[in-house]
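Asker: Residue numbers (this note's numbering), protein chains in the order written: chain D, 15 to 593; chain X, 32 to 383.
No lab work stands behind these hints, which were simulated from the structure alone.
Any given hint might turn out to be false.
To be verified - Calculated lysine to aspartate or glutamate pairs in the EDC-like style (CA-CA distance at most 16 Å, straight line):
| id | chain 1 | residue 1 | chain 2 | residue 2 |
| --- | --- | --- | --- | --- |
| 1 | X | Lys374 | D | Asp429 |
| 2 | X | Lys374 | D | Glu273 |
| 3 | D | Lys65 | D | Glu47 |
| 4 | D | Lys65 | D | Asp141 |
| 5 | X | Lys98 | D | Glu119 |
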Amino acid sequence: MNMHHFKLHDFAGGIHPPQHKSQSTQAPISQAEIPARLILAIAQHIGAPAKPVVKPGDKVLKGQIIAEGDDFISCNLHAPTSGTVASIETREVPHQSGMDDTCIEIISDGQERWVDHQGLDDYLQADAQTLIARITQAGIAGMGGAGFPTHVKASIPASKIDTLIVNAAECEPYISSDDMLMRECATEIIKGIEILQRILRPQQCYIGIEDNKPQAAAALQQALKENRDDTHNIHLVVIPTKYPSGGEKQLIQILTGKEVPVAGIPADIGMVCQNVASVHAIYEAVALGIPLIQRITTVTGDAVGRPQNYRVLLGTPVSELLRQAQAQTDKIKRLIMGGPMMGFTLASPHIAITKTSNCIIAASAQTLPDPAMEQACIRCGMCSEACPAQLLPQQLYWFAKSSNLEQAQAHNIADCIECGACSYVCPSNIPLVQYYRFAKGEIKQAQRDKQGSEQAKLRFDTRNARLAREVAEKDAKRKARAAAAAKKQAAKKAAPAPATNLSKGEPAPVAAKAEPAPLKKEALKQKVLAAQTRVDKARERLAMAQQQQLETAGALELGLNKQIDKLTLAQKNLEEANR
Amino acid sequence: MKLPNISSPHATRPGNTGTVMLTVLLALVPGIITLSYFFGPGHLIQICLASATAVGCEALILHLRKKPLGFYLKDYSALLTAVLLAISLPPYAPYWVTMVATLFAIIVAKHLYGGLGQNPFNPAMVGFALVLVSFPVEMTTSWSAPSALLENGIGFSQAVTLIFSSRETLDAVTMATPLDLYKHQVAIATAHEIYQDPIFHGPHHEASIALGWQWVNLAFLLGGVFLWWKKIFTWHVPVSLLLALSLLSIFIGWDSDSYVPISLHLFAGATMLGAFFIATDPVTAATTPLGKLIYGAGIGVLIYLIRTWGSYPDAVAFAVLLMNFCAPLIDQYSQPRTYGHQKAVRGLAKKD
């Protein structure tokens with residue numbers, strides 16, 4: 015009933031890299047030890063970083079919120095175990111750029127004392143609001159690797175959704191965390207799906223799983239069969255193993271034949287996609303009241319003595335896991351968080367596990383040798399045959415290399431999902447994805463620059479308008495004064511002359527003296543303005559020279575200083591005149 | 032412990048550009064064997080000569096460009112150009128023709144444009160076209176007669192002599208190609224009369240289309256199918272090329288008393304070599320799926336036009352070079368539709 019004739023679609027391209035999954039699926043999931051210190055990055059998800067609500071020295075209980083989601087698109091962060099907050103400081107976090115970010119460090123007391131928590135008993139009768147609140151509270155972020163806040167996807171109006179897709183493809187080599195989770199916790203996963211169904215009320219639900227995980231598929235099938243609830247519209251769909259079938263867009267295409275429109279989201283075509291581990295976390299959050307404080311992480315690679323999956327507290331340093339998996343530290347030449355296709359390298363093993371860390375690969379130089387030297391692109395087109403987005407990687411490569419951003423955009427570089435299939439097949443060993451990241455970055459920068467220069471132009475125009483207005487106003491005033499003076503003169507002429515001369519004998523010279531003072535001030539003001547303009551221009555020239563790294567920059571700097579001196583002098587003169 | 036930061040993907044498929052070139056060379060082997068079996072050892076000598084010249088030129092230029100020799104020579108691209116050129120040339124062309132062609136192919140057509148991957152024109156065909164227009168006598172009179180039509184065949188030493196020193200015995204072992212013969216005879220004779228020439232069916236009627244040539248073409252077809260199976264290239268270029276050539280041969284040249292018949296077009300000239308090994312050179316071909324179809328069809332049409340109404344008996348080189356000109360433009364107008372887009376982008380990027 016649940017696995018009946020199902021028309022599968024195919025996505026363009028794709029590759030079949032060696033799986034390397036069986037190494038880590040021989041043993042059941044093992045509970046990792048509680049480390050002495052846990053390091054929790056406040057940004058473990060896409061969106062605004064969480065805001066710490068504890069301070070160093072605070073005692074925390076297991077499951078207590080230590081940082082709050084700072085926005086709708088953000089996630090709460092909880093203490094994975096009980097202990098003391100040791101510090102809140104900047105540390106290296108798992109990120110492709112190897113950047114640093116704020117982390118909360120907890121020294122565990124080893125007692126695992128829980129904060130008060132309680133699950134919902136009758137969650138299948140609860141209303142959507144209550145369920146979403148539970149998910150939000152639990153701080154669940156997409157556990158397949160992307161880390162998009164789960165409650166945001168769950169909050170899409172049910173009227174917009176007709177299909178719920180549970181992503182259990184796990185298409186990247188080496189990773190088996192979802193596989194093992196499905197084998198061991200299939201019932202909970204089905205219940206998690208039921209919760210999502212209760213919230214989103216889709217007409218149908220598909221679980222997409224690659225055919226290289228028969229045991230996991232069987233476990234889910236069994237769980238579906240044993241479930242006493244009405245699960246008739248949950249379909250387990252076994253799909254052919256092909257990377258990247260687990261990409262959200264690709265999985266949607268495989269299961270429904272539809273494409274997510276450009277720059278759109280699955281909800282635009284009535285779909286919502288959730289990773290299977292996130293679904294499990296939803297069950298734990300709603301039914302048991304357990305927030306997301308641990309996850310399954312595969313520890314594998316040929317430098318690891320006992321590759322297997324661990325149930326790991328978030329914040330556990332990778333080095334701890336490597337020790338427990340009996341890794342030969344001196345053999346590790348590349349340490350990867352995530353899979354070998356889209357994962358990123360860790361510069362040090364002291365970096366900690368986050369909500370999205372599905373796999374740690376500790377590889378020797380034999381399995382993952384240093385990248386081979388790049389050869390010339392011969393446009394063989396193997397990359398475009400492999401591209402799941404139907405792009406022309408061989409063309410994008412030339413555009414990226416020559417910084418031809420217009421052409422790169424015209425060839426839809428923005429639609430590259432950076433799956434790495436092109437680089438994988440490239441016979442010339444060209445790090446294509448790296449080129450595309452560069453071009454995408456350049457395009458973003460160019461857009462920012464363009465925005466900036468538009469703003470600058472707006473500022474400049476506004477300033478010009480203001481100056482013109484001021485000049486016009488001054489002109490009008492002067493004309494008014496002149497008119498008034500002319501009136502006075504006329505009045506003077508009309509009045510008897512001697513009387514005026516006698517009565518106002520004294521003021522006349524004063525007026526004559528006062529006349530030049532505003533004029534002088536005006537001239538000084540003009541001088542200040544002119545000096546200001548010269549300073550601005552000199553500054554501009556200097557900036558241009560510095561940008562182009564011209565040798566004349568030094569001389570221009572001297573010139574600028576001189577102009578600044580002149581400006582100061584002019585301003586001083588004006589002030590004196592004003593006094 | 033500080034580990035290297037390397038960007039994804041971390042896994043790569045084994046192999047490199049050299050592997051691709053070697054696979055193509057391997058696919059040429061059946062064709063080369065068949066050529067040598069039916070036409071004597073001329074091509075083998077030309078292959079050695081061209082290869083030595085090509086590798087020498089490549090090394091010289093790499094040295095001048097201060098590039099690491101070993102790394103670049105190991106992409107075997109110069110070797111492939113040399114072999115393709117050598118089997119395109121008449122087997123008994125004098126040694127200097129081969130050397131000039133190779134030298135020009137490697138130095139001018141390849142390296143002056145920036146080396147592998149940068150050349151807009153197929154280097155082997157540039158070399159071929161140069162000597163074809165420069166030395167027409169040597170290029171048209173040096174085609175070997177099928178060994179089966181010669182009393183004693185062609186010996187190795189005789190071949191060496193022909194290529195390197197005396198060309199006195201040349202007339203005894205050379206002959207017009209079947210395409211050339213048919214093209215010139217069809218003006219004055221019927222198909223039946225032309226087919227009396229043993230160059231088509233052999234002295235004992237052992238061939239059905241063109242003695243020797245038909246097997247050579249089949250061997251190249253076999254090699255081409257192997258490359259397609261190995262996913263070195265896609266089906267688009269060869270299929271559209273052969274289809275265009277066939278359709279024109281059928282619709283225009285259906286009357287074999289007036290035109291060269293389709294069987295000869297496909298199996299008597301350089302068609303299969305051109306379709307699977309020359310036109311598929313990815314550097315100089317169109318690169319989009321639709322573009323490849325247009326590019327291949329263009330070559331097919333040009334081959335037919337030049338063979339039928341041009342002054343050259345075969346036309347692969349000129350057809351390929353002419354379409355090389357068009358490839359960048361074709362690519363601009365044949366982008367595939369990207370995932371999630373309503374329709375494909377066509378034409379150049381719009382300037383703001």
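Asker: Next, verify each hint and record whether it holds.
Answerer: Status of each hint after checking the structure:
1. X:Lys374 / D:Asp429: holds (14 Å)
2. X:Lys374 / D:Glu273: holds (13 Å)
3. D:Lys65 / D:Glu47: With Cα atoms ~28 Å apart, Lys65 (chain D) and Glu47 (chain D) exceed 16 Å; violated.
4. D:Lys65 / D:Asp141: Given that 16 Å is the threshold and the Cα spacing comes to 29 Å, the pair is violated.
5. X:Lys98 / D:Glu119: violated (52 Å)
When held up to the earlier numbered hints, the structure conflicts with 3, 4, 5 and fits the remainder.
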